[in-house]
Each structure stands twice: as C-alpha cells, then as structure tokens.
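Fit chains B and C to the given chain A structure using the hints.
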Amino acid sequence: MKYIDEFRDKDIVKKLAQRIKRLKPQNINLMEVCGTHTMAIFRSGIKQILPQGVNIISGPGCPVCVTDQGDIDSMLKLAGIKNVISTSFGDMLRVPGTTSSLEKERAKGCDIRSVYSPLDSLEIARENKNKEVVFLAVGFETTSPAIASAVSDARENKLDNFSIYPCHKLIPPALEALLKAKELRLDGFICPGHVSSIIGSASYEFVASQHKIPCVISGFEPVDILESILMLLKQIREERAEVEIQYKRAVRPEGNPLARELLKDVFTTTEARWRGLGTIPESGLNLNSDFKKFNAKEKFDLTVKNPVRPGNCLCGQVLRGVKTPDQCGLFAKACTPENPYGPCMVSSEGTCAAWYKYNR
Amino acid sequence: MCLAIPVKVIKIKENSAQVNMAGVKRLVDVRFLEGLQVGDYILVHAGFAIEKIDEEQAKETLKLLEQIYYDE
Amino acid sequence: MARAWSLLKGPVPPGINTIVDMEERILLGHGSGGKLSHRLLKEVVFPCFSNPILDKADDAAIFDCKGRLAFTTDSFVVHPLFFPGGDIGKLAVCGTVNDLAVMAAKPLYLTAACIVEEGFEISLLKKVIRSMAEAAKLAGVEIIGGDFKVVEKNSCDGIFINTTGIGMVDAKVKVSGNNAKAGDAIIINGNIGEHGAAVMSARQDYKLETNIKSDCAALNHLIACILKTSSKVHVMRDPTRGGVATTLNEVALQSGVRIQVDEDSLPIPEAVKGVCELLGIDPLYMANEGKVLVFAPGSESKKILSAMRKNPLGKNSRIIGEVIKKDTPLVLLRTAIGSTRILDMLTGEQLPRIC
Numbered sequence: 001m002k003y004i005d006e007f008r009d010k011d012i013v014k015k016l017a018q019r020i021k022r023l024k025p026q027n028i029n030l031m032e033v034c035g036t037h038t039m040a041i042f043r044s045g046i047k048q049i050l051p052q053g054v055n056i057i058s059g060p061g062c063p064v065c066v067t068d069q070g071d072i073d074s075m076l077k078l079a080g081i082k083n084v085i086s087t088s089f090g091d092m093l094r095v096p097g098t099t100s101s102l103e104k105e106r107a108k109g110c111d112i113r114s115v116y117s118p119l120d121s122l123e124i125a126r127e128n129k130n131k132e133v134v135f136l137a138v139g140f141e142t143t144s145p146a147i148a149s150a151v152s153d154a155r156e157n158k159l160d161n162f163s164i165y166p167c168h169k170l171i172p173p174a175l176e177a178l179l180k181a182k183e184l185r186l187d188g189f190i191c192p193g194h195v196s197s198i199i200g201s202a203s204y205e206f207v208a209s210q211h212k213i214p215c216v217i218s219g220f221e222p223v224d225i226l227e228s229i230l231m232l233l234k235q236i237r238e239e240r241a242e243v244e245i246q247y248k249r250a251v252r253p254e255g256n257p258l259a260r261e262l263l264k265d266v267f268t269t270t271e272a273r274w275r276g277l278g279t280i281p282e283s284g285l286n287l288n289s290d291f292k293k294f295n296a297k298e299k300f301d302l303t304v305k306n307p308v309r310p311g312n313c314l315c316g317q318v319l320r321g322v323k324t325p326d327q328c329g330l331f332a333k334a335c336t337p338e339n340p341y342g343p344c345m346v347s348s349e350g351t352c353a354a355w356y357k358y359n360r
Numbered sequence: 001m002c003l004a005i006p007v008k009v010i011k012i013k014e015n016s017a018q019v020n021m022a023g024v025k026r027l028v029d030v031r032f033l034e035g036l037q038v039g040d041y042i043l044v045h046a047g048f049a050i051e052k053i054d055e056e057q058a059k060e061t062l063k064l065l066e067q068i069y070y071d072e
Numbered sequence: 001m002a003r004a005w006s007l008l009k010g011p012v013p014p015g016i017n018t019i020v021d022m023e024e025r026i027l028l029g030h031g032s033g034g035k036l037s038h039r040l041l042k043e044v045v046f047p048c049f050s051n052p053i054l055d056k057a058d059d060a061a062i063f064d065c066k067g068r069l070a071f072t073t074d075s076f077v078v079h080p081l082f083f084p085g086g087d088i089g090k091l092a093v094c095g096t097v098n099d100l101a102v103m104a105a106k107p108l109y110l111t112a113a114c115i116v117e118e119g120f121e122i123s124l125l126k127k128v129i130r131s132m133a134e135a136a137k138l139a140g141v142e143i144i145g146g147d148f149k150v151v152e153k154n155s156c157d158g159i160f161i162n163t164t165g166i167g168m169v170d171a172k173v174k175v176s177g178n179n180a181k182a183g184d185a186i187i188i189n190g191n192i193g194e195h196g197a198a199v200m201s202a203r204q205d206y207k208l209e210t211n212i213k214s215d216c217a218a219l220n221h222l223i224a225c226i227l228k229t230s231s232k233v234h235v236m237r238d239p240t241r242g243g244v245a246t247t248l249n250e251v252a253l254q255s256g257v258r259i260q261v262d263e264d265s266l267p268i269p270e271a272v273k274g275v276c277e278l279l280g281i282d283p284l285y286m287a288n289e290g291k292v293l294v295f296a297p298g299s300e301s302k303k304i305l306s307a308m309r310k311n312p313l314g315k316n317s318r319i320i321g322e323v324i325k326k327d328t329p330l331v332l333l334r335t336a337i338g339s340t341r342i343l344d345m346l347t348g349e350q351l352p353r354i355c
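Chains as they are written, first to last, in the working numbering: chain A, 1 to 360; chain B, 1 to 72; chain C, 1 to 355.
None of these hints come from the bench; they were simulated from the model. Errors might be hidden in some of the hints.
Cut-off 20 Å, straight-line C-alpha distance, at most; resulting in silico cross-link-like pairs (SDA-like, lysine to any residue) [claimed, not checked]: (1) A/Lys2 - B/Ala58; (2) B/Lys25 - C/Gly85; (3) B/Lys11 - C/Tyr206; (4) A/Lys82 - A/Ile57; (5) B/Lys63 - A/Arg8; (6) C/Lys42 - C/Gly146; (7) A/Lys108 - C/Arg68; (8) A/Lys2 - C/Gly280; (9) B/Lys25 - C/Glu250; (10) C/Lys207 - B/Arg31; (11) B/Lys25 - C/Lys273; (12) C/Lys106 - C/Met168; (13) A/Lys2 - B/Gln37; (14) A/Lys2 - C/Asp282; (15) C/Lys106 - C/Ala133; (16) C/Lys127 - C/Tyr206; (17) A/Lys248 - B/Gln57; (18) A/Lys2 - B/Lys11; (19) A/Lys158 - A/Phe206; (20) A/Lys10 - B/Gln67; (21) C/Lys149 - C/Phe46; (22) B/Lys8 - A/Ile4; (23) B/Lys8 - B/Gly47; (24) C/Lys207 - A/Arg126; (25) A/Lys182 - A/Ile57; (26) C/Lys207 - A/Gly90; (27) B/Lys8 - A/Arg8; (28) B/Lys63 - A/Lys108; (29) A/Lys10 - B/Leu62; (30) A/Lys10 - C/Pro267; (31) A/Lys264 - B/Arg31; (32) B/Lys13 - C/Lys207; (33) A/Lys2 - B/Lys13; (34) A/Lys248 - B/Lys13; (35) A/Lys248 - B/Glu55; (36) A/Lys2 - B/Val38; (37) B/Lys8 - B/Glu55; (38) C/Lys153 - A/Gly109; (39) A/Lys158 - A/Ile4.
Just so you know, these numbers come straight off a predicted model, no measurement behind them.
This is chain A alone, in the form it adopts within the complex (with noise of 0.2 Å):
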C-alpha cells in the first residue's frame, strides 16, 4: 500500500530507534493527543523500542472520551424520542450515560444506526422522509468539515428531517487548558497529523512561543511517529521550542484553506464542556444561526437532569495524562471492554481501551 508500506520499514525504525537512543534522553514527557496516535503506538509497539528516558503520555485525543456524560445523557434522551433515527460513528454506541448507552437503547427498539460517512446519514433522511434523523456529531478538526458538509447540504437540498447533535471539540484550547493547569512537566507534544491537515500549524504556534514547548506534527506510521519524537528531542537538546511538520506529505503549514472557510460559514466557537477537563471556552463547535433548524439542541428538548458520573472512574485524570490507566482501581476488574465504567474504556480511540488490549 504506497505511502503507508514505506513509513512502516522495519529497517528505519530500527536507525530512528537507535538515532533517538544516542541522544540519551533523560526524563523526557512528550504527550500525544490524538486517539489515532495513542492506538498506532500501541499497535506497532513503539514504547518498547524507545529508551527509557522518554516518556509518551497519552492525553485528551479520543473525542468520544472528552465527551461530557451530560451530552452523552442527552443523545440517549434524543435517541429515545418516537420517529427519530439516531446515526452516528460506531465507537459511540457503547458509551455508557449515566443509565443507559445507544446500544442498550437500540435493544430496547431505538432506531440507532451506526454510519461510516455522515453522507450516510443524508442517504437515510432522503429515504425516511416520514421520520427525523440526526447524527450525533463527535469529533474533532478532522471530521468537522465532513459534517459541516453534511448541514450543508441538507440545506441546499431541503432535508428538513435531518439534524445534527453539535458535539465538536478543538484541539488547541485543550491544549491551553492543559499547559495552564501545569499538572505535568510537559517537554513536548505530538501533534495529531489529520488535525493539522484541516487547521495547519499556526494554531500551536502560542504553545511554542508563549510556553516554550516544542511541537511536531506527526504522521501514523511507527516511522512518522519514531522521527517526530526524534525531531522533538533534537529540539529539547538544542534548546529550541517550535512547531515542526513531520507529516510533510500530507499537512500544510496553511491547513485546507477550503475546509476552514466552510468550518467557518456553518460553525461558530462556542465554550464546551470537556469530561476531565472541565468547561473551556472557545473550545466547542455550535451551528451558527443560518442552520438553526439543523440543530438537534434546537429540535428537541434535551434537558437532562444532572449526570451522575460513576465515582472512583479515572477517566478525568487518565484524560490528562495524570494517571495512567493501571493506576485507577476500576481497570481491568470492574471496568473491562465488555462492562466498561467510561468512554475511556469503550472507545476504540480510548486510552484505557489500547492499555487493556495491548499492554496488560
């Protein structure tokens, strides 16, 4: 498979994994904030060729696990609703609310669908004109511009019964929040290379400038991930902090000019509410008012009453890179893949997820 056999050569990996050895690396953190990234390393088994002195943390990347327990509470409460089919992207389904998940509600007759496109979701809203479907829209800058295209085509094709459930996050304010809360000595971040593919690297450009941490944008392969923990250490040794691309091939320093413009005609920034990391502002993606009757939070009535969060999860501080997985009580006894306490163990993007598959 041309541009992915090639960042997998196992005879590179080896020279990078040597290169990085040579630099003697000391107490090194370098967090990785992309679900993507936290399921390569694992997947490919990356740690156990880099020396000890570097140490990858996994933070908030998984979009499902930053969901809020509130929003998850309220798709079940929109699910639920007669006439309505609840599409949305498979790791969602098995989330638990504070009773209930999609998938125990699609059990119990909901109409829940999981889709590989939210075109998908158009296509069923085209043939179910009797009925409301909305997708639950999870995700970051990736897939924002995917779903922008969804709205916006619904409008210009007059798909009355389609909404979405605006749930999107940015990767730079939760960046910020985590530097400003200075849990943990950060030497350095990984940069999740689809992200910038969307928004380019100007956005963590304050990450460097304002608190002097090195980021590189790194592409998925063990090679892509391997050279940019490399290139972040040449910068940590050289006392350099700047944004870098690895992901050369695939990420422009200016982003995709034509998916920021329709981020920005059917999008506004809004502040969210982030499970681990609390509410940050600007920090959200909400349907500016041109697509109000687009908006599921608009449609329906979807007050909760206050979530209960399972007490004793970790899922907050695992999200922060501030406890590993094994470090929470609930890992791999009560919280299993198959009876999961939080999003972090059920998301196939999950930190707590890839520790239990890979490294238990």
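Coordinates of chains B and C only, in the frame set by chain A:
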C-alpha cells in the same frame, strides 16, 4: 478518531472521485481539494478527501529517512 | 441494516417445470405441513438433496453407526444472503462440516432446518437449496433430514438456516482445544480475513467495490490429508467469528499456554488489508470460513506443510506462530517492527451477522 488513509484517484466527476486502495474501490467526496487529477493520492476520512498527498514531500521525507538508514 | 435479500435480477435458473415454478413467493401455507409444504419439499428440496435415507421421508432418519461419534450444530444468519464466493446455503453446509472435521471426525450426515420469511422469492430459495446440495456433494456428506418453517413477513430476515452434523471420530486421534503443548507450531492453510472482507463489501452500508471472495469451503478433505501425514496433531480449530486472534485466545485459555504469533508471517491479501485500512479494522479479527489452524509439534511441521500445500485449499499454508510454554494464558504478537504486544480476543461486535 482521525483515521484517514492514502488512496489513489482513478476517476473524477465533479465533487466525487472513485478511489482505489489495494484493489478496493470507493466513491469519495472531494469538495475540499482543488486541481485534483486522476493518479493523485488523497487522504480519505469518513467518506471525504481531507488533503492531497504531496508526492514531492513524500519523496523528500523518504530520501532523508534512507540517509538515516545508510548512515554508518 | 438493509434487508438481507432483494429481488434477483435476470432469468430464473433452469429447474423442474412444476406448479411450484408458477408461484413466485413463499406463502405461510408453505410452512404449514399441508399440500403446499409437501409440494415445495417434493419439487424443490428432495430432488436436490436426494439420498436413500432422506427419500424414505420418515419423521426421523435411521442409520447404522459403529464407533465414536462427533455431533455439532450451528445456525446461519449471514447478511447479505448472497456474497462473493458463496451464500447462506454453502456456508450452512461448510460451517458444520468444518466443525466436525476440526475434531478429526469424518463428516457423515447433516440435517438442515430452514426458517423462511413469508414473501421470500422461491427462485432465491432454490438457489440456496442448490448451493447446499452442491456443497454437500463436494464435501461428501448427505443431508438426511431437515425442517421447513415459514414465519410472517418481517419476523425474520429472508432465511435463517440451522444445520446439525454427525461424524465418525478415529479413536486413535486425540485432538482438542486443551491439547496445545509447548513447542507446537501453529499452521494456517492460507489467506486471512477473506470471508469478513467479502461480506463487508457485499453490504451496501460501506459502499466498497472489491474483488474479494469469501474463502467459504469444506475442509474435511484437507484435514484428512493432514491426519494421514501426521498422527501427532494436537489441536485444530477453524477461526470463524472473531477471527484468528479470538480463536488463538480460546486455545490459549483451554490449554493454559502462552502463544506467540509473528505479524510478518501472516498471509493477508492486499485487498483485505485495503478494506481493513479503509474501515479501521484489524484483519486478525475478521471472520474466515475456509481456514483451519493446526497445532502440531515443531518437528512435524515440515511434512504437514508439504502435505497441505498439495491440496487446493492449502496452497498458501504457512507457520504463523508457536506455543511458547505452559503459562497464564496469553497470546502475543511480534510486530513488524520487532516489539511484542498482546493480541487480545475480540471484544464487542466487529460486524453483526457475519455467518
């Protein structure tokens, strides 16, 4: 969820492209890319092309990495 | 999910020119046991499956059997009903034949119970029945009994099939999931993930166009060759739902052993990799319907491989791992970059109604 993979464009019709990934074909929405041509490689996420693979940059990255490989 | 079946396009396949041919769809009456039922069985089912035991048309099949028996049952609800490389009928026969074969049993007889939805096209039913007959013939088994029920529209999705199989076990062969030993080589007879990828591609939800065909096949002849070549086979398993990863974990648990698999040695076709990359799925969790995992002492592996590769279903046979030692059950994967990580069982559902 940032899973996106590089696929080859084999046909383009307005905002839609047929792509090929190791013999697997699918239609993809390409409204976010300009100047797309058959034979280009694009990154696909959730049914949308989010970026075109810069083949020159890819070659350069691989050249640099090969230097690392042949170094000593 | 869309319906598992849809109107067949094109001419109805050539068949017996009967009154049944003039009816297009299954009615509730076809499952009532009355005239319609009898006509359907007489004109569609019996001619396809015909054998001396079945043709007696008694309430139970009577046959003589001496020796140790293997007995198994499985139900098939695959969606869609027809997919590249097979259909629910072929799957229903091969699946049960394989469950017998991997226990070192010579498959003898099958029964087939069908539950069909009112309104199901009779031409599709004929196709399924013919597929079952063909698969049974290739496997060398006879379908000696069965049942046919019809449920109201929307009470089932097209057709569900249950097959039960009986076979004769060679008393000398002791093959079981709890029999894996340290030093065993783990051999597979060919490509991984084809059935899962073929079914996924056939579903409209993913809108994929591929040339992947399901590997659905009866493995009893291949397995007979393996057992003829070596009397020291410890475990055989067919990695169906949950894929190779789940089956290896099951054996690890049953035998109380640690297993290691080598990522570089896994035979995964490019197109299956393509489907998996596109959809974010691991091929090791994709279903297979024509594969067997053979655990045998390392010293036996060369001759077993040689025998397997002579068989059309084993051309791409290879060793994919080994049993390391008796230990807390675990399956490890040695990754392409040389590290080792856990290869867990499938959790949750990767794809519903895969077989």
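Pair hint B/Lys13 and C/Lys207, alpha-carbon separation not exceeding 20 Å: holds (17 Å)
Given the proposed pairing of B/Lys11 with C/Tyr206, does the C-alpha separation stay at or below 20 Å? holds (19 Å)
Pairwise hint evaluation, B/Glu55 against A/Lys248, where the allowed Cα distance is 20 Å at most: holds (10 Å)
Do the alpha carbons of C/Lys106 and C/Ala133 lie within 20 Å of each other, as the hint requires? Holds. C/Lys106 to C/Ala133 sits at ~18 Å (cutoff 20 Å).
Tell me if the straight-line CA distance from C/Lys207 to A/Arg126 falls inside 20 Å. Holds, at about 17 Å.
Agreement of C/Lys106 and C/Met168 with the hint, judged by alpha carbon distance not exceeding 20 Å: holds (5 Å)
Pair hint B/Lys8 and B/Gly47, alpha-carbon separation not exceeding 20 Å: holds (14 Å)
Does the alpha-carbon distance linking A/Lys248 and B/Gln57 stay inside the 20 Å limit? Given pair A/Lys248, B/Gln57 holds - Cα atoms ~6 Å apart, limit 20 Å.
Does the alpha-carbon distance linking A/Lys158 and A/Phe206 stay inside the 20 Å limit? violated (41 Å)
Starting from A/Lys2, check that the Cα of B/Gln37 is at most 20 Å away, please. The hint holds at about 17 Å.
Is the Cα-Cα distance between A/Lys108 and C/Arg68 20 Å or less? violated (45 Å)
Given the hinted pair A/Lys2 and C/Asp282, is their Cα-Cα distance within 20 Å? Cα-Cα ~19 Å, so holds.
Violated hints, in rising order: 4, 7, 9, 16, 19, 28, 33, 34, 39; the structure is consistent with all others.
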